[in-house]
Each structure stands twice: as structure tokens, then as C-alpha cells.
Amino acid sequence: MSDQTSRVPQTVTRTARTRGGSEEAYLEVTDLQVQFPTADGMVKAVQGLSYSLPLGRTLAIVGESGSGKSVSSMAVMGLHDAKTARISGSIKVGGQQIVGMGEKDLEKFRGSGAAMIFQDPQSSLHPYFTIGDQIMEAYRAHHGVSKSKARTRAIEMLDRVGIPNPKRRVGNYPHEFSGGMRQRAMIAMALVNDPKLLIADEPTTALDVTVQAQILDLIADLQRDFGSAVVFITHDLGVVAEIADDILVMYAGSAIEHGPVEKILGTPLHPYTWGLLESIPALAGEPQPLHPIPGAPPSLLAVPTGCAFHPRCEFRSRVPGDRCTTLKPDLIPRTADTGRASRCHLKDPDQIFQTEILPRLP
Amino acid sequence: MTTTANARGERGAIPRVEGAPLLQLENLAMYFKTSGDGVLARGTKWVQAVDGVDLTVNAGETIGLVGESGCGKSTTARLITRLLEPTRGSIKYQGHDIAHMSERRLRPYRREIQLIFQDPYSSLNPRHTVGTIVGTALRTHGMVDKNRELPRVQELLEMVGLNPEHYNRYPHEFSGGQRQRIGIARALATQPKIIVADEPVSALDVSIQAQVMNLLENLRKELGIAFVFIAHDLGVVRHFCDRVAVMYLGRVVEEGPRDALYQKPQHPYTQALLSAVPDIAVVRGVPPKNRIRLVGDVPSPVDPPSGCRFRTRCWKAEDICAEVVPPLDEKAPAQRVACHFAEPPTESIVAEVPS
Amino acid sequence: MLLYILRRLVSAVSVVIVTLVASFALFFLAPTDPAGVICGPRCTPERLANIRAGLHLDDPALVQIGVYLKGLVVDREFETGGVVRECPAPCLGYSYTLGEPVTKLLAQALPVTLSLVLGAAVVYLAIGIFTGTMAAQVRGTPLDKAVVGTTLVLNSFPYFVFALLVVLYATFLPESGWTSFFENPFSWASGLVAAWVCLGIANAAAYTRYSRASMIEALGQDFVRTARSKGISKNRVVYRHGLRAALTPVATIFGIDLAGQLTGAIFTERIFDLPGLGNLVLRAFGQYDLPVLMGGVLVGSVVLVVMNLIVDIAYTFLDPRVRLG
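Here the protein sequences come in this chain order: A, B and C.
Counted the way the numbering used here counts, the first sequence spans residues 1 to 362.
Counted the way the numbering used here counts, the second sequence spans residues 1 to 355.
Counted the way the numbering used here counts, the third sequence spans residues 1 to 325.
There could be a bad hint or two in this list.
One-sided and incomplete, this derived list gives chain A residues near chain C with beta-carbon spacing under 10 Å [said to hold, decoys possible]:
(1) A115
(2) F118
(3) D120
(4) S124
Please keep in mind that the hints were generated in silico from the structure rather than gathered at the bench.
For every residue, glycine included, the Cβ atom is placed at its ideal position computed from N, Cα and C.
My request is simple: use the sequences and hints to build the entire structure.
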């Protein structure tokens, strides 16, 4: 009765990530500041963010609501309204400076130089236009081709992202797709112009776990094919472990830890990252009590002085004097390993992690 | 546990029928009508949101309900709390069937069965102070005398880790995590014996989520309240629950003690679900595991597959799966599986953390 | 779709019949005497009785309703003072006071009202949607605030005050009056233009606000952000993606409004002296002219039901998620 002949499940092996790509940065963010003037004062959403990303690599930006992870990525796409956002610093994508770029040039850049997929594919696709129409529109915005050529391209892309029967599906409206299919269609739309940079803003958060797994596979697979740089924004450290090469942990608008995934998640050096790891229940072993970070993230209207994390940090007493409250630590290598950096005054974070944090991880 | 409530001096507790568990769902079903209106309507269709759920919750026990969107877990929560009246089946609370009970007769039961919602933003009336919100719960069920109301409200706020002096603040003055605490205080006000928590931490950030989970866990230990804990996050459910039931398309496909279910899941769907969870342990040197990829989408609950509802996506499916609905049978101690070909996986699905 | 429309039409007919019966009943429950009005001040009892018999006012109410409803499908004959007059189906009776078949009166009045209301709709939709869309894009600026303020002032004026002001001060507009379009399109337009401006501007305020609110909501949607991220031009984002979504709720309000205006443009018709439905019904009301009133009720309920149906059908074109059936 079933067309499945074998009695073995279709499986995917979780492979250790192979670090690919050149070392030359395709995306380079330097001292990025994004602020929004409001009636209550200046919202400092991103403060002095710097990172770079070569082609072929995936960077996960991790943080909680209000950490600045989405705001900074919107800035990379040039999506902030110049009337409401104050942006300074530099964002270079493939050598092009995005900060201060004119609207006409931004239109040319968006979708072709970099593309973005969003959290909720249901609300991110226009409900009144067909899937094909929306993909064709993206393609024709950057290619002067006929509708029928664009349609062929749309079908090709839908096929590429694993939508069955793309010739028929191209004429469907978003509501006729399931959640996972909609996200596939979003990905097809983002990649239709072969952008070298893909920004995925919580692309699997609204999806069920089995669908999430499919989408993560697809993104990884497409990245291998297209050789693009991927910025993956998420709050889920499990997803990061699966998909990313590098990780950037953000807190209150600043990066607090940056480096290769195995290192940052394996031996994190910042108390905030420790707190995150201690907040996630494990899937195996005897359940351990969770050690959540006390308090709540600060308001971006009044980010604490010094280290923004200091009001919630249980290791503040280990730093002599009042440096934590007065001096914002730099994001620099804190151990002999120069491939990673963290923003914390603690003297021997490595040892604290090994002796105090690791034993009580869930 | 059933005596604890009386010892606390609660008024008019529901008597327990001898030998009955705290909560028992039998063949519970909920069908929603979809299309068609008016006399000339044709082709009325029914969404089989929940279709034949059997579940038992003992006093003080936590049972997790997991499954993906559309599996019926939230509908089940609304049935247990009788926000919905079931199409079929029974909901026995301490042996009394409340499935079709009138609103008036339900009142004492509503006090003992409480609900915590997912969205701490929309489940609190923005125009009421926290004191009013929690106080209303006290007053509705006549929990305390009028002059004792405020002290009791403050006691409850303190219990959930809020500043008791903040009773006259409005919900918008609190953060998401604090609002969820208010929701918990409101549920605790009536000294319930069972709390149905529908995705109580899903809308919260990771660090806040852990705070609320710890709070729920402490309350459970202190007050001996039973929980039906609904979540899509399998790690969260594992952390909190004694037993776990996995739902697929309106039915329970597997149910058992936590460790058995996570380590030796026997239903193919449970195996696929567990293997799909991205595991952070990979970066800590745990060897990567194979993960099962389900093909296609969940079928429509309007027209579900015959026999086993998972068969259309199952790699084990044979003719019998389309013909016979697999019963939820005990395949291992206390572990019930609804599958004709139930068997534990050959290798561990969930990566073991080296300790 | 066809089946759905058929089903809706059946229920529409029942709604109309219920409305008719209910208004009939109300009329008879009220202490009215149409015969007395027709008979005039120097009335003799015999004459009154004659008129009554001629109008069948002595028959039981149920019989009268029956005869009336039957007339919708079967030809009727009227006899007054020995003269027999044919009233072909659908017959809505003869006006007690004007001595004309109601259908003829309605047929005369309907084009007037339609011309007035549809013409005004063009004015208020054009002004309202344009201004509203523009204001939404410059939200929060002084220009936006000025637009919102103006609409509030316009809306807080009672309509008749506004209409009187137009009549008194907008004297540069051509004199109003009714000429059939087929007779002389130019006179048709010039006779209506003052009424169009008046009804149009009064409603434009409301439509500006609807469009502005709807557009602000649409521009805040995730799919607009997606459209921008694709690199399409700003105008295309605003007008193709934003406006398309914003118009759907406006269209719904428009459908319902239009139905109301078709039977409720009484002020406008009176002030601008247009022989439309509102005037006809108002006059009938003062004279207990039951057949004309019933005709007005019939047209009103039919228009409402049909407009509702049109709005629902239009919705399936505007929003592909809506499926009828």
C-alpha cells in the first residue's frame, strides 16, 4: 500500500562541519551603531558591532530579544528607514559600503548583493499574490527579462528548494502551502538572484521541529552549492551547533563573545554565554536543575554603564575594583587562543568554566 | 495528595470517587465544524482535532503532551479545562465526568483545574491591576474573606517571585517573564490540584524561560500540584515531566515514563521527532547521530488517513496500517505505543552527554 | 461559486420578503388612515368608504399582504371609480396619492439616486484613497497631522450644515437639478456636480481616515518588509504590495456605505432638489402612501442584500484566501 519499499528511515548524518571558504571577508561590519530616537530617549539598539564573514561560511548571531541581532542584520540589508534610524560605522558587502548608500543604489543591492529570509513565512509572503508572482517579481527587479523567462526561473528555483510539482505550485497562493513549504518558497525567492550573502532571521523558529530539520538541511545544502556567506540569526543554541561555523553572541546591543562554534559553545568564556548554556535543558542524562541568569535584559534606553551584563553577573565580585560597572571591556582574545574573543574583565574565565560551570551544566 | 488540599482548609473540595485517578480522559474527541452555513449549506466538514485520546494523570504527577502543530495538544488542554465541550468521550476528575457538565455545576471543578496560557501579553486584562487580576480569582471562588484578600494576593505574588508591593501595578509595567508569573499566581490563587499549562514558556527568552521553569518546578514540589504540561520543546518537557505523551494528528501515539520515552522510543513518529531536535551536545565532542527525515507534511485533520494516521509518512508502513487502527498497547513497562511495528531504535536517538 | 450565489440569492429573497411583511405589519399596526389623507378635509363618509374599498383597506391585513406579494409575480388590476388600470408584474401597487404605478415612480427615482451616489463615490474614493495613502507614507509629519485634523473637522460637522454651507457659499457651482443622462449628458453632469462635491467631500474625510489607517497597517506588515528586501522600487512596494492589501478592508466599508447611501441620501436630494428615492419615500411617508413606502422598503432591502452579496463576491477576488462555499 505504501510506496516506501524499504523499512529503514531516510536518514541524514550529522557531519562535523568542514570549515570552507576563503579567508577574505565578503561581509565586513566595523563599529556599527544603530540608534532610534524616540519620545522616551535614544534607543541604542546596536553599539559598536564589528565582525567579518568570508564566502562559504555561516555565522550564527545569537541573543535574546532586544540584543540587537535582528536590528544589526536589517542594517546590513539597508532596510532601516533613514528617517527613524541613525546608523554609523561601516558595513561592507563585497566591497560596497552600505551605510549611507542612496535609496536607488540600495534597491539595486537588496536582493542581488544580499538577500534575507524571515522568521514567519506566513506573514512574510504577500497573501494576495501567488508564490510564483512574488518570486518572479524578485527576479525581474534585477534582471530585465520577460515574464515567461522569469516564470521558468521561478519554477527552477522552487524545484531546487524541494517543492514537489513546481510547475503547478508556482501558481499557488501562500495559504495553499504548508508552513515548511512556505519557508522553502521564501528561500527560493531569496536565492533567485544568486546573492552572495544570505541573512536568515530566525528562519525556523515558527516551524515544527521535524520541518525545522528539513529547512536546516536545505540551507546547509544550498550554501554548499552556491558558496554564499550566511548570517543565521537565532536564539536556539541547538540550531547553532548544527548549522554554524562561527558564532557571535550579542547582549544589549554589543557582541560579547565571538569565535568558532565548537569553541564558544564547548568552552565559553563569558558569564552570559554560561548562563545561556545553563538555561537549556538537556535531552539526555539525569535532568539537572537549571541555573538561569537572574533578572531580565536591560532596556536599550538605559544600557548599564561598564559591562552591560554586570547587574545580572554572578562573577562580578571576582573582578577587583569597580571595573565591571565603570569600564566597558573590549572584545579581545582572553586566552592564548587568538581565534576567539570575549568581552569580560574576568582574569581566568577558562578555569572558572572548567571547574565551576561545566560540572553543573544540564 | 488529595488530602493535602483539605489540610489546607480549603472549602468544599470535590470528593474523590474511591480508587479513581485525579484525571482520566477516555476516548476523548473534539471535532470542529468547518464550512457551510445556513439551511442550504452542503458538504459540512469536520476537523478531527482530537480523536480518541486516553490519558490518566495521578495526583501530584506531571505529564507532558508533545507533538507538532495541529496534533491536538492545545485542544486537549482546552477540553480538560472545559473551555470546550467534547464531541465524544469522558473527562473524569476524581471519578466525576465533567465532559458535559453545566457551567453552574462546573464551578467547583474550575477552581481545582486551572489553566496557564502561552501568551503572557494577551491573557491578562491590561486595564486591571495585578491585585485585581489575582484577587478576582480569589473572590470568584470564595477563597478568602474580604479583609484577607490583599494579604493573600501579596502572599501569592511573593510565592511566584514578584514584589508583593507591586499589587497595584498594571500588566504592561511588567516584563514578559513577570507577566507569566502573574498568570501563575492567578492559577495558584484557587489552590488547584491540577494545572494545565499550555506552552507556558514558549514565548519567553531562553534565560527567562529557565527562571519560569524553575519556579513551576518549585511550586510543584512544594504544593504537590499535578501538571499537564504542553510544549513543543522536547528538552523543556523532558526537564519538567514524569511521564510524556506524544500526539500526532489528534491521537496519542506513544506514552510512557520520561526516560523510557526519550531513550527507547518505540513509535516511528516519536523516533523521528526526537532525532530532529538539534542537539547542542554535538559541539561537546558527542559523536553526531543519524537523524530521521520525515518526508511530506502532516495530512489534513479534515480527512485523516485510515488506520494508523502516521502511515503516510512512515517507513515501516504495510497494508495492515491502512486497515487497522493500532491500539495504544503496553509494549514495555508502563510504556504504551500505538504502532503495529513498535520496537526500540537500534541505536540511541538522543546523543548521550559524556559525564 | 455559482451554487454559492444561488444559495445566497435564495436567502436574499427570503430576507426581502420578511422585511416587506414586517413593514406591512408595522404600517397596519400604526394608527394611520391613508383613505382619510386622500379624501381630504371636506370628506364625506361615503366617499371615505368608497376610497377604502377601492384601496382594499377593509380587507384583513393578511389578505392585503397576500395580494401584494402575489402582485410581485402576477399582473394585477386596479379599479378606482369604475376605471380599471393594468399593473403588470412585478406590480408594487398604485400610489394612493400620485395615481401612478409604484414601479414607474421607482424607475424614475432610481437613476437619479444612482447618478448622485455613484458620482459622489468616484469623488470620495479618489480623494479619500489618494490623501489617505499619502498621509500614511508621511505618518507623523506635520502634513499627516494636518490631513488628520482636517478630516476630523469635516467629520464633526453635521452633514446638513455642511451641505447648506455648500449651497450658500459655493455659488460658483452650476445650479443643481435633474436631467436624464440620455437626454443631455452635459446638463446631467452640471445639475449633479454640486451634490457630488458636497456628498463627495463629506465622505472623503471618512475615507481618508479609513485608507490612512488601513495603509499604515499594511505598510507595517512583514510582507512589505519582504518586498523591500527584494530590491523592488519604493513606489512598487507602496502601491503594489501595500495599497493592494490596504484596499480590501476599505472595499468592504465602501460596499456597505453605498447600500446605505442609495436609500439614505435624503438630505442631499432635498437640499439639491433631486427627485431621487429619498425624496420619493419622504413624501410618501408624510401622506401614508403605503404602496410607495413599501416600494422604498423593497428597493432598500434589495439594494442592501445585493450589495452584501457583491462585497462578498468581490472579496474572493480581492483576497485569494477567501473561498465561498
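Check each numbered hint from earlier against the structure, then list the numbers of those it violates in ascending order.
none
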